[in-house]
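S.K.: Take the sequences, apply the hints, and build the full model.
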Amino acid sequence: MTAATAPPEALRPRRSWIPATLSQYLLWGAGVVVIVGPIVPVVWASLWSTPLYEAGGALTPDNYQRLFADPEWWDAVRNSVTFAVLTTTASVVLGTTMAVLFNRTDLPGRRIFGAASLLPVAVPGLPLILGWAAMYAPSGYVTRWLETHTPVPVFWDLYSVPGMAMLATGIAAPVVAMLVRGSLAAQDSALEMAARTAGAKPLRVLATVTVPLLRPALLGSGMIVFALSLEVLGLPLILGSSRDIEFISTYLYDRWLNEIPPEQGLVSAGAVVLLAVVTLLLVARNRLTGDGARFETVGGKATTAAPIALGAARWPLAGLSALYLVVVLGLPLAGLLLTAFTTTLSPYVDPWSVLSTTHLERVLDDPVFSRSITNSLLVAVIGAALATVAIAALSVVAHRSSFRFRGSLQYVMLYPRAMPGLVTGMAFFWAFVVLDPSGRARATLWAVGLAFAVRSLALGYSAFYPALAALGEDLDRAARTTGADWWTAMRTIVLRLLRPAMAVSFVLLFVAMLNDYDPAVFLVTPGTEVMGLTMLKLWVAGTAGPVAALGVIQVVVTFLVLGLGRLVWGVKPRV
Amino acid sequence: MSDDLTITGLTKAFGSTVALDHVDVHAREGELLTLLGPSGCGKSTTLWSIAGLHRPDAGRIVAGDTVLFDPEVRTDLPPEDRECGVVFQSYAVWPHMTVADNVGYPLKLRRRKGPARAARVAEVLDLVELGHLAERYPHQLSGGQQQRVALARALAHPPRLLLLDEPFSNLDAKLRERARTWLRDLQREVGITTVFVTHDQDEALSMSDRIVVMDHGVVRQVGTPEAIYETPADLFVADFIGTINLLEGEVVADDGDRAEIAVAGLPHPIRATKAAPGPLGPTATVAVRPEAVLIDPPADDAPVNLLRAPVLDRSYLGDHTRYRLRLGASTLTVQTSTRVTGAELALGLPVDRTLAYPGSPTRA
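Protein chains in written order, with numbering that gives the first Met the number 0: chain A, 0 to 574; chain B, 0 to 363.
If you're looking for bench data, these hints aren't it; they were derived computationally from the structure. Misleading hints may appear alongside valid ones.
[To be verified] Interface residues of chain B toward chain A, partial, derived using beta-carbon atoms under 10 Å:
{"#": "1", "residue": "Cys-83"}
{"#": "2", "residue": "Gly-84"}
{"#": "3", "residue": "Trp-93"}
{"#": "4", "residue": "Pro-94"}
{"#": "5", "residue": "Glu-134"}
{"#": "6", "residue": "Tyr-136"}
{"#": "7", "residue": "Arg-152"}
{"#": "8", "residue": "Leu-162"}
All values reported here derive from a predicted model rather than from experimental measurement. The beta-carbon is built from N, C-alpha and C at its ideal position, and this holds for glycine as well.
M.R.: Shown next, in the form of structure tokens:
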């Protein structure tokens, strides 16, 4: 025997203090309870005759009966569905056009256009709506300017359902473009070349091969946009309230916050209906796009497709693209800035003569404003950090363990995507009511943070999972065979190697939680306001300037963090 | 000291497909035992079951006097408690650690401190001739060097068994040949019981003390490389290892360890040695290696089947020439290092190297 085999004194490898199986059960249990658990009390509240914080009460279908008998509910449903159909149709058409135009043609500056066209996804929703309102509302700067300076008729009305759908399309079209672009990139260009060699001209190839192969992506993204459109709250609250246009979300919001006594049973029933519809839509989407074999385009090695020549239409189309970006993003951001930094915004007054920082000063001085900034930052930093750790831990149990119920965990983590923000907030409200009748836990920022974290979980998971899946399992198996127990192997190898993915997940969660507001609608207590909610409430109450200043802060922080994330970890915007 | 390894009745099914069907394997102390077979034969499943990375349905795995797996006594040690060193096909060298940290990882887990750990790491790295690269990161190493890091890491603790899962499949042909000899020498030097999985028969023949040939979850033959090549236990093994001529015919005489088989189109039955005792049945297959066939056989005492066959084609392969000849309704491949001319060759099939198997050849 040589020196190499001389056994060192037999040492047992170090072991974690908690056995792997037990820690896996604990993580799984906590995940299920926190993420899916809160649905139970909403359903319960919707079927109970009195609010859950009052004694007594009995099981009753009364809330549902009253909901379905209310003509205003059906008005709201009609508005929401009309809005969702318009938004979906327009954004699928526009998004596909953008994806093809910016990725498959010789449009001048298509790279810059491609990147810039995705920006509306990254801009926080509320400030963008404020910017649109400042510019394109009936009394907005652009509307007034066109009316007085040009013969161009103002054909839109931002305060109507089609007007709101127009704004929503500006935000949703990039979502479609992103999904379609991924699908385009995965297409084997040999398919297009085969059509060319068979005698088809480039545009014909586009119409008969490229776009038809995109059908699953179009269907999938269309259903996502539809589901998201059904639950939007900020848009109808800001733009629809002046004309009393109610959506499902605002119907629930008003009945809860503006009725005395609040109709919490009725609202819970409405929330359960909304949840059921959105869940069905997303399940149907997974079914439909899951059956993708028919559209699979595996073939030879993918080569870069030759761009389609636009010919004489190149420059006019580039001009149109630039105009689109100015209208959708440029002017509204300018409108937001001008609202924030002028005393009055009107085409009859030179904005430079009324520049002022009073709105910003008021935001920083007013305790409610400044508190909501601090609260939002706290929730975003701590919440995103804890949520990232939770996602990482749950993901390794789901994908890197032999835990018995591991398969259920990925569905649990993706489920919040099917939960409208309003419903998430209501679910946590009732959960706190049931578990902590004193209301002390709900009065802390942790309550809001927890709801925001659960809501953003699916986003973080979908950013984290691809990196985990790409990491060879032999790496942790190797650690196990050299003597590391499961938890040690995860900690020292898998999670250590996935630090960059965790950073990406953190950045995305930070931005999402900084700008989120709808779960807080039902959860908020004095002292736990967050930026988005404060903006919403004050806008509805009629203060534009300080709200815009708050919006500017939100946009600046978001872009700083996303820019930093992009520089350091290559973070890309996701949906 | 290294342990021996005993596997009995190992069974594993994935859904309705049986991956392992009552597999029995025994690796002697210090031996290099190879699991050889086509892909899907269950060799990797067996290896992973030993390492604890797969849970078999039934069976028993014992290393030395430690039971690693036995559902009857409710024993299923997790991989970290099995004290095996595993080299994965992908090497699985951790990219965020230096070579020294990779090799030191199992020692760190076992709380081997500072100088003792460094000394052991240096010792193992010297063993795989990588001492000078200790501070490098894996991405700075070639594939062959990464493989040696994986081996050093597997040997560091030190383990009771070394398990190698197709370790050479990612190396190019030249490097692979050198790695074989090198690994073989190292395994002898360390003297550790080693289970080696491969689908490459050259690798198996050149490296192993003994080979276990597997197919469809069943062990077909266990033996030394020579035994496996010269006297395959059945037609599958005969066909799987190397090149072999298979001629089907009717049994006309069957006594003791010899038989005579009438192959269609041949004037005389072929006399052959029975591969296994027991009656052959009505039809049998004659198997003879291309290099066992004699050309212009000398007239001596050794019993030989004499034949004449027309040449179909010849391929010159440098150190030898391969002829394809028409033999009745079939073709016969013959390999020789001497060049012969002529449209027809006089052949001799030595009776002791011509084997008879019951049944017909089943070709996939």
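S.K.: Taking the earlier hints as the rules, which of them does this structure contradict?
M.R.: Of the numbered hints, 5, 6 do not hold.
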